[in-house]
Amino acid sequence: MHMADALLSPAVGTTLWAGSVAVGGYASKKLKERIDDRTIPLMGVLGAFIFASQMINFTIPGTGSSGHLGGGMILAILLGSHAAFLVMASVLTVQALFFADGGLLALGCNIWNLSVYPCYLIYPFIYKPWVGDNKSPVRILVASIVSVILALQLGAFSVVMETLLSGKSELPFGAFVLLMQPIHLSIGIVEGFITAGVINYVQGARPEILESMAASRPMGTEVSLKKIMVTFVVLAVITGGALSWFASTHPDGLEWSIEKITGKGELPKQEHGIAPVLKTIQEKTAFLPGYNFKPAGNDAKKEEADPAWPGIDAGTSLAGIIGAAIVLGMIMLIGMGIRSFRRRDT
Amino acid sequence: MTFDEQYFDIGRLDRLSYRETCVHRLDPRAKVIAVMLFLLTVISFPKYEIVALAPFFLFPVLLLTVGEIPVRFIIKKIIVVSPFAIFIGIFNPLLDARTFAVIPGFVVSAGWVSFFSILLKFTLTISAALLLIATTSFPGVCHALRRLGFPALFVSQLLFLYRYLFVLMEEAMRIIRARDMRSFGSRGTGRKVFVRIIGILFLRTVDRAERIYYAMLSRGFQGDIPSLKRSRMALTDLAFLSMMIAYLSIFRFFPVTEGIGRVAQELLG
Chain R
4 MHMADALLSP AVGTTLWAGS VAVGGYASKK LKERIDDRTI PLMGVLGAFI FASQMINFTI
64 PGTGSSGHLG GGMILAILLG SHAAFLVMAS VLTVQALFFA DGGLLALGCN IWNLSVYPCY
124 LIYPFIYKPW VGDNKSPVRI LVASIVSVIL ALQLGAFSVV METLLSGKSE LPFGAFVLLM
184 QPIHLSIGIV EGFITAGVIN YVQGARPEIL ESMAASRPMG TEVSLKKIMV TFVVLAVITG
244 GALSWFASTH PDGLEWSIEK ITGKGELPKQ EHGIAPVLKT IQEKTAFLPG YNFKPAGNDA
304 KKEEADPAWP GIDAGTSLAG IIGAAIVLGM IMLIGMGIRS FRRRDT
Chain W
110 MTFDEQYFDI GRLDRLSYRE TCVHRLDPRA KVIAVMLFLL TVISFPKYEI VALAPFFLFP
170 VLLLTVGEIP VRFIIKKIIV VSPFAIFIGI FNPLLDARTF AVIPGFVVSA GWVSFFSILL
230 KFTLTISAAL LLIATTSFPG VCHALRRLGF PALFVSQLLF LYRYLFVLME EAMRIIRARD
290 MRSFGSRGTG RKVFVRIIGI LFLRTVDRAE RIYYAMLSRG FQGDIPSLKR SRMALTDLAF
350 LSMMIAYLSI FRFFPVTEGI GRVAQELLG
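Those protein sequence lines, which keep their order, are chains R and W. If you use the numbering used here, the first sequence closes out at 349, no skipped numbers anywhere. If you use the numbering used here, the second sequence closes out at 378, no skipped numbers anywhere.
One chain only, chain R, in its complex shape:
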C-alpha cells in the first residue's frame, strides 16, 4: 500500500527521503563499479515490464477481489540487490508522477517501504542463502512466499510507523497494526505464489536467461553484514540529525520521537503503553505550531479559558470561514478569468 503525502509530516517525509536517497546513492555507486553497458537498457526495460504487469489484474482465489504484482522481490531475484533497488525506485517514481500514487514527498517513504526491505534485507539474508544454487521449483516456491511475506510485513509496519510519527491520523497503534498486517499477509501469500510462478516459468522455458542475468550482475551483490550495519548506523545518524533539526523549530517533535523510540524499545509492553502515550503527545503537538500566528489579542484570552485544549471562540472560526470562502472565490475568479482570456486568444 502506498503512503500518501497528506498523512505525512515534513520531518518524517524528509527523513525517509534522506534515507532513500542515501541507499540510492550507494546502489548507483556499487553498480557503477562493475556495470556492463548491457545492464542499463535491461534495467530500464525491466522497470517498464514491472509497470506494465502491475496494470494487469488477476482474481485472488476464494475472494472476489483482484490483486497485482508488487515487484520488489521478483526484481531482486532477477537482478540482484543494487540493480533491483534502482529499478524499483524508478518504477515508484513514475507511479508517483503519472498516477499520483502516493505523492512526491511520500515517495521517499514508498521507496523505503517497498524497495529497501526486499532488495537489501530479505533478498541477501533470506532468499539468497536459502535458495542458493539449488533450482528446485519447490524450494523456490517456499523461499519466495516467505520472502515476499516478510518484505510486505516490514513495509506495512513501516507505513504504520510513518503515519503515527506524522501524527495526522488518530488511529491508535494497536488497531492500526491489526488493520494493516493481516491484509498484507494475504497479499504476501498471493504475491509469493506469483513471484515463484514467474521465476519457475522462466526457469523452465528459457533457463539461459536467468543464468546470463546472474552472470552480468555486478560482483558486489554479496552484501556483507558489516556493510549493512554501517549503512544503518549512517542512516540512524541522518535520521537523528533531521529529527533534531526539526525539533529546534517544533520543540515537541523531538520529545515525541524520543517517546516513540523508547516506547518501541520495550516491545512486549508496547501495545498497552504506546496508545495513551501517543494520545497525550498528540494532543500536545497538535496545536503547538499553528497558534503562534494568531493575532496577539486573542491569545491571552484563549489560554485563560482552556489551557489543555484551544477552545477556538466562535468569532475566530467564523472569520476564518468567511476568509476562506473569499480567498477560494478569488482564486476561482482568477482561474476562470485566465481560462476565458486564453480561449479568446486562440
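Bear in mind the hints are in silico, worked out from the structure with no lab data behind them. In this text, a Cβ means the ideal position worked out from N, Cα and C, and glycines have one as well.
So these bits of chain W aren't anywhere near chain R, every CB distance computed over 12 Å:
id, residue
1, Arg291
2, Met342
3, Leu347
4, Ala348
5, Phe349
6, Ala355
As a list, the in silico BS3-like pairs of lysine-lysine whose alpha-carbon atoms are at most 30 Å apart:
id, chain 1, residue 1, chain 2, residue 2
7, R, Lys131, R, Lys35
8, R, Lys131, R, Lys32
9, W, Lys301, R, Lys138
10, W, Lys301, R, Lys131
Dock chain W against chain R, hints included.
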C-alpha cells in the same frame, strides 16, 4: 480502471506536457524546486488547519489555467488515488470526538476538522504533483533531477523506463486482449494464467532489451543518455522561484485568510 483506460491515461498526461505555454516554457529545475517547496509548505501545516490552506489553491489553479490543462482530467485522477488517504483519515472523526469550533449554530468535532484537513492537503499535494508532469514532461523532470545532482545511473534508468513503458504496455495490452477474447466471464483471470502471462511478457521483454541494446550500440551508446536541450536558468525562472517563495512564506506565516475574513466582517457590520 481497465488496462486500456490506464494506458490512455498515461498517454494523455504525457501529451499535455508538449504544449507551449509560458508555464511549459519555464525551466524544469525551477518547476521541480517550486513544487517541492509547495509540498513541504502544505504538509507543514498542523493537523487541525483548514482555513489557512485556502490560499494554497492558487498555485494549482494557476498551473491549470495558464498551462491550459483540462480540469476534469486532473480531478478524475485525484479521485482515483484517493482511497488510501480517505481510508486512513476516516478514523479521525470516529476516534477524536472533542468539540472543536462552535460557529453560531454549528458544532464540529475535532476529528472531522482533521479529516477535512487531510483531504485538503491530499488534493493540494496530488494536484501539484500531477500538474508538474503535465506542464514539464517526464524527460524534462528527469533532466532537471540530473542537474540537481541525482545519480546519472538512476536518471538514465528513469528515462529508459519511460521510453519503453508505452512499448511494453502495448505488448501487455495485446496479450490481455487475446486473453479476454478467449475467455468468458472470470475464466482466465486466475493466478495460473496470470503467471503465464507475466512469464511470456518477461521473456518478450528480455528479448526486446537485447535488440534495444544492439540498436543503441550501433548508434554510439556509452552508458548515458545526454539531453540535447541546453536549459539555462533565465531571469524569468528566477523571478518565478522568488515569487513562489514569497507566496509560500506569506501564506504560511501570516493568517491572511483569517484577516480577510475579519475585514469582511467589519465591513458587513
